[in-house]
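*Asks:* Residue numbers (the numbering used here), protein chains in the order written: chain E, 703 to 1143; chain V, 388 to 721; chain R, 2 to 333.
To be clear, the hints were calculated from the coordinates, so they are not data collected in a lab. Treat the hints with care, as some may be off.
[To be verified] In silico SDA-like pairs for lysine to any residue, Cα to Cα no more than 20 Å straight-line:
1. Lys1122(E) x Ser20(R)
2. Lys594(V) x Gln6(R)
3. Lys1122(E) x Gln6(R)
4. Lys497(V) x Arg5(R)
5. Lys532(V) x Glu806(E)
6. Lys497(V) x Gln6(R)
7. Lys1141(E) x Gly568(V)
8. Lys588(V) x Gly784(E)
9. Lys1141(E) x Glu564(V)
10. Lys588(V) x Leu787(E)
11. Lys1013(E) x Arg5(R)
12. Lys1122(E) x Thr27(R)
13. Lys719(E) x Gly17(R)
14. Lys499(V) x Leu792(E)
15. Lys499(V) x Pro1058(E)
16. Lys719(E) x Gly119(R)
17. Lys1122(E) x Arg5(R)
18. Lys814(E) x Gly119(R)
19. Lys1122(E) x Tyr217(R)
20. Lys563(V) x Leu787(E)
21. Lys1122(E) x Leu513(V)
22. Lys499(V) x Glu1025(E)
23. Lys594(V) x Arg5(R)
24. Lys499(V) x Leu787(E)
25. Lys532(V) x Met1097(E)
26. Lys1122(E) x Gly117(R)
27. Lys1141(E) x Gly437(V)
28. Lys72(R) x Ala1067(E)
29. Lys1141(E) x Lys563(V)
30. Lys730(E) x Glu806(E)
31. Lys1122(E) x Glu19(R)
32. Lys594(V) x Leu787(E)
[Said to hold, decoys possible] Covered stretches of chain V, as calculated for chain R (at least 3 residues, CB under 8 Å):
33. 389-401
34. 676-689
Bear in mind that the values here come from a model prediction, so they are computed numbers and not experimental data. Even for Gly, the Cβ is constructed at its ideal location relative to N, Cα and C.
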Amino acid sequence: MKRLYLFQGGIHPSEQKFSQNSPIEELKAPDRVVVPLSQHIGAPCQATVAPGDRVRKGDRVGQATGFVSVNVHASISGMIRGVGLFPHPLGRPLPAVEIESDGEDAWTDNLKPHEDYMDLPPEALTEIIRDMGIVGMGGAAFPTHVKLSPPKEKPIDTLIINGAECEPYLTADHRLMLEEAENIIEGARIAMRILGVDRGVIAIESNKPDAIDKMKGLIEDIPELEVLALKVRYPQGAEKQLIKTILNREVPFSGGLPMDVGAIVQNVGTLSAIYKAVRFAAPLIERITTVTGSGVRQPKNLRVRIGTPTKALIEACGGFSSEVGKVIMGGPMMGVSQYSLEVPVVKGTSGIVVQPFSEVEEGSAQPCIRCGSCVRACPARLMPTVLGVFAQLDMFEEAQRYDVMDCIECGCCNYVCPAKIPLVQLLRYAKAEILTRRKAA
Amino acid sequence: MWIALFCLSGLGLVASLGLGLAAKRFAVEVDPRVEEVERVLPGVNDGGCGYPSCSQFARAVVEGKAPVNGCVAGGEDTALALAEVMGVEAVIGEKRVAVVLCKGGREESKTKFTYRGVENCKAAVLVSGGDKACPYGCLGLGTCKRVCPFDAVVISEDGLAVIDTQRCTGCGICVKECPKGIIQLVPIGKRVSILCQSGEKGSEVRKKCDVGCIACETCVRVCPFDAIFMEGNLAVLDHERCQVCGLCIPRCPTHTIEARDGPFPPVEIMADKCSGCGICSMICPVSAIEGDKKEVHRVLEGRCVGCLLCIDRCPKDAIGIEVPINSAVELASR
Amino acid sequence: MEDRQLILSSSPHIHGEESIPRIMYTVVVALIPAMFMGVYLFGFRALAVILISVVAGMATEAGTQRILGRKVTISDGSALVTGILLALNLPPTVPWWLVVVGSAIAIAIGKQIYGGLGYNPFNPALVARVILLISFPVQMTNWVKPSPLFSGVADAVTTATPLGAMKTHLMVKGTLQGFSMGEFWNPFIGNIGGCIGETSVIALLIGAGFLLYRGYITWHIPVTFVGTVFILSGLFWLIDPDQYINPIFHILTGGLMLGAFYMATDMVTSPITNRGMMIFGAGCGVITIIIRLFGGYPEGVSYSILLMNAATPLIDRYTRPTTFGWKEVSPR
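All chains, full assembly: derive it from the sequences and hints.
*Replies:* Okay, structure coming up:
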């Protein structure tokens, strides 16, 4: 057994993987979708359609505007109803394209499949990935082609295939690994070809033994790939923690990237999407989303079109089981709570967690008793309570000196805090203030 | 006993020697005027001048980098005192105060969701922009109150930040810190303000708030001085032009326009002076004065909005106003 | 479908089960063996001391919070813990009014004037104990032999604590020759003179084990504290056993176990980093040994902890963990 390194800190919340045994279900194409033009980190797209235009599935509706930007595509066929501001998972209205279905669900005929994709030059592969709008599907939605184009002076030796899925409740990646393992492996091979690396590590938390077995069975004949079972510990699936665990390398502080330590991490969903994009020229217009939490009747893993309103997903899962409290897009540790069920599924929507009203905790903070739990739990090795005090007192320079900018907002400190201090929000506040001050200066 | 005495005196001697040497060695030359300037300053380090502390401002004044009237908190008196120290003449502007341009408290306005988290507007806007349905709504979590060095902000029971104009020095810190950007500095005498910043369409505003500007443009039409204009869907008051007549206040259908420090008192006509020329009833924009020619005119109770337009025009100086003592200052500036 | 407004907050949306009351009441549970032994060894008088201390502490907490216009939080258990800890740090013979005074000092001066729970720089129970010790030296050092309940032994036989006896012997005779340490079994179960809760090492260790298991204390402070005392006293003992007593005697007697496991580990007043806690523990150990071997008092645990409490902010400052990514772990 290969030795694993442990990252410091982290927590082990109750896993609550209700939907891990429910096979992926196809959610039928909705009558209407709202496809945001900004579904990735980086510059938003420029709309390439206008109200009244007819589009088919896979047609480009938004054009990337810069290197760190990717196209977005129509996820249903039909007519463009509007281009304007629509609710967005980030919590404020953002530009999007609204499409009304014509019921045909017909594919565009611009698709150019490649059967001999492994013979394509790396540049061509990267180009396809960009055109097809592939972004990191683990949640952060960083454009994949950027990650796959490290500069020459930063040699990469390992591709880490991230199947950790450390967020409680979520099972989308787990199901994908069981049901589309071949696609993931092909996607990994494509990524490795682009990067020119000959080592790929499939990292899966040990609470998914079936996925580990499945993957192990499939890679027997592929010597470049190996499967590692990781200890169940949140945030194991965070890039930096994953690299530390597998390679014992620490991504440099303040803005360092995995490529600085010779590693690239790709989520399993992203790799599956890469395979489909390269092999079938299929743009990223759907994803697997876990709809779960004790607030929905039947937790499920759904294959949904990008742009489907949250409401449709919840209805497909039997609706709310009791009075609803919170609807969280993403996992319960890092997800964003939503105020509108009109918010569409975007490329990074790994899950929708519904908490009943009775389960939402009262947010009454007590004074810090300096128990140090947050310090021990912080995987970034910060002192969250000290940073929290700095934030409360608007002492931003001090917070910066204590490396608040290296906080990954994983929520461990907040989770363990016995005084229920909203540490993540305080630290995010400090970070936001420091950034605005930097911009102003 | 003697040993102890000896030891302690020795220690004291050595320490004082060290202190004395340090004072000589590391002495910093300071322009004596800096200290003088500092003494005049209020010493609250509010930063309204643009310097982080009063002493830094003092240094800047002495070096000629900052104007003598730069201290907003100190106002007129400080400016005059500083000018004396520096031997220059001070230019004094009218004192300004901050106004929160939102009237939609928890009662009048709607929310998008129930917020739970840090009691600080700037932290709250990180959660979907804050709970108010209106993106320009005061969140009432008191960031302005936190940063105000003069305790001039109170959060009303209705969850709105309200500025105590008596305490406000117009330093402008809250204006910079408000994440919604809805605090404005206005000359203290210009006590009429349109308390809404929403640029959304009237129909949208109506859905979210009972007291927001719905862009009906009534105030624009009413204003005799062209001091109100439309900026997109929002009525904006130009304080330079505003004569504080208050005519717009009763005409606003959503009661968005308000005068600080209470309503305007009605005018009175002094019967012994009135010659019955009728000018006042002619120019009164609300037809609140009536009377026959050459007869003593009278003011209709409840009609007069206290715009005072008639006062200046009366050839006999027969129109006056019962002045409540505390608003004498404001009237003087009108 | 949307009948109620949704609730929004910053992530994370789930929280662990820990809470301040849970921590406090767990500490109370961990102190039950020590309280039990205290009452067993010193009789119902000890129970009365504990009860008076708790009641006075909670009343003071409620009173001061009301006067200062704060939220009354006596149900969070922190005043209860302080009350119990103070009682365990008092001699069983202490007059009842002294207990009341001490408890009031602990809560009012030790905690509330600094801003309440979480803001006090010094361990409140120790602040009270030390103030009482300085102000009422006679009442605070009136020790009795344990007279276990139902054993038929007549109570209130005055004695000295082992450390006190040792110090007196050393001062009178100038050497430890002729001083009998007695069986180590006695301090282990608590059959020696001392404060209500400090004598029974076994009871204290049982509770400490529970706290360690629950993760409310970590090994860092107690191990470094006791370890430092052991090593330092052992060194002196090796050099001159006639002047310095056996290190086992040092760690089993006095307030060391109570101090190391329950007082020095007080979350509010000890460092928050693991390295900091080890420095803190070691510092406590050094000061304890200096006082015990060279000071006027026979015992120095309380003073050592209070002194290190004062150093806590500094220790925290200098033991800040290295942020993730600040050091190259495996060179490539």
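*Asks:* Given the hint that Lys1141(E) pairs with Gly568(V), test it: the Cα-Cα distance must not exceed 20 Å.
*Replies:* holds (17 Å)
*Asks:* Hinted pair, alpha-carbon criterion (20 Å max): Lys499(V), Pro1058(E). Please report holds or violated.
*Replies:* holds (18 Å)
*Asks:* For the pair we were handed, Lys594(V) and Leu787(E), check the Cα-Cα distance against 20 Å.
*Replies:* Holds, at roughly 18 Å.
*Asks:* Keeping to a limit of 20 Å between CA atoms, is the pair of Lys588(V) and Leu787(E) held or broken?
*Replies:* This hinted pair holds, its Cα atoms lying about 14 Å apart.
*Asks:* Quickly compare the C-alpha distance for Lys719(E) and Gly17(R) to 20 Å and report which way the hint goes.
*Replies:* Holds, at about 17 Å.
*Asks:* Please work out if Lys532(V) and Met1097(E) have their alpha carbons no farther apart than 20 Å.
*Replies:* Within the cut-off at roughly 17 Å; holds.
*Asks:* Given the proposed pairing of Lys72(R) with Ala1067(E), does the C-alpha separation stay at or below 20 Å?
*Replies:* Given pair Lys72(R), Ala1067(E) holds - Cα atoms ~13 Å apart, limit 20 Å.
*Asks:* Using C-beta distances, would you say chain R covers the segment 389-401 of chain V, given that this needs three or more residues below 8 Å?
*Replies:* It is violated: at least three residues are needed, and the segment 389-401 of chain V offers just 0 whose Cβ sits closer than 8 Å to chain R.
*Asks:* Compare the distance between the alpha carbons of Lys1141(E) and Lys563(V) with 20 Å, and conclude whether the hinted pair is satisfied.
*Replies:* This hinted pair holds, its Cα atoms lying about 14 Å apart.
*Asks:* Hinted pair, alpha-carbon criterion (20 Å max): Lys499(V), Leu787(E). Please report holds or violated.
*Replies:* holds (17 Å)
*Asks:* Between Lys1141(E) and Glu564(V), is the straight-line Cα distance small enough, at 20 Å or below?
*Replies:* Holds, because 15 Å separates the two Cα atoms, which is no more than 20 Å.
*Asks:* Has the given pair, Lys499(V) with Glu1025(E), been kept, meaning a C-alpha gap of at most 20 Å?
*Replies:* Satisfied, since the Cα-Cα distance of roughly 17 Å is no more than 20 Å.
Going through the hint list in order, the structure does not satisfy hints 3, 5, 16, 17, 18, 20, 33, 34.
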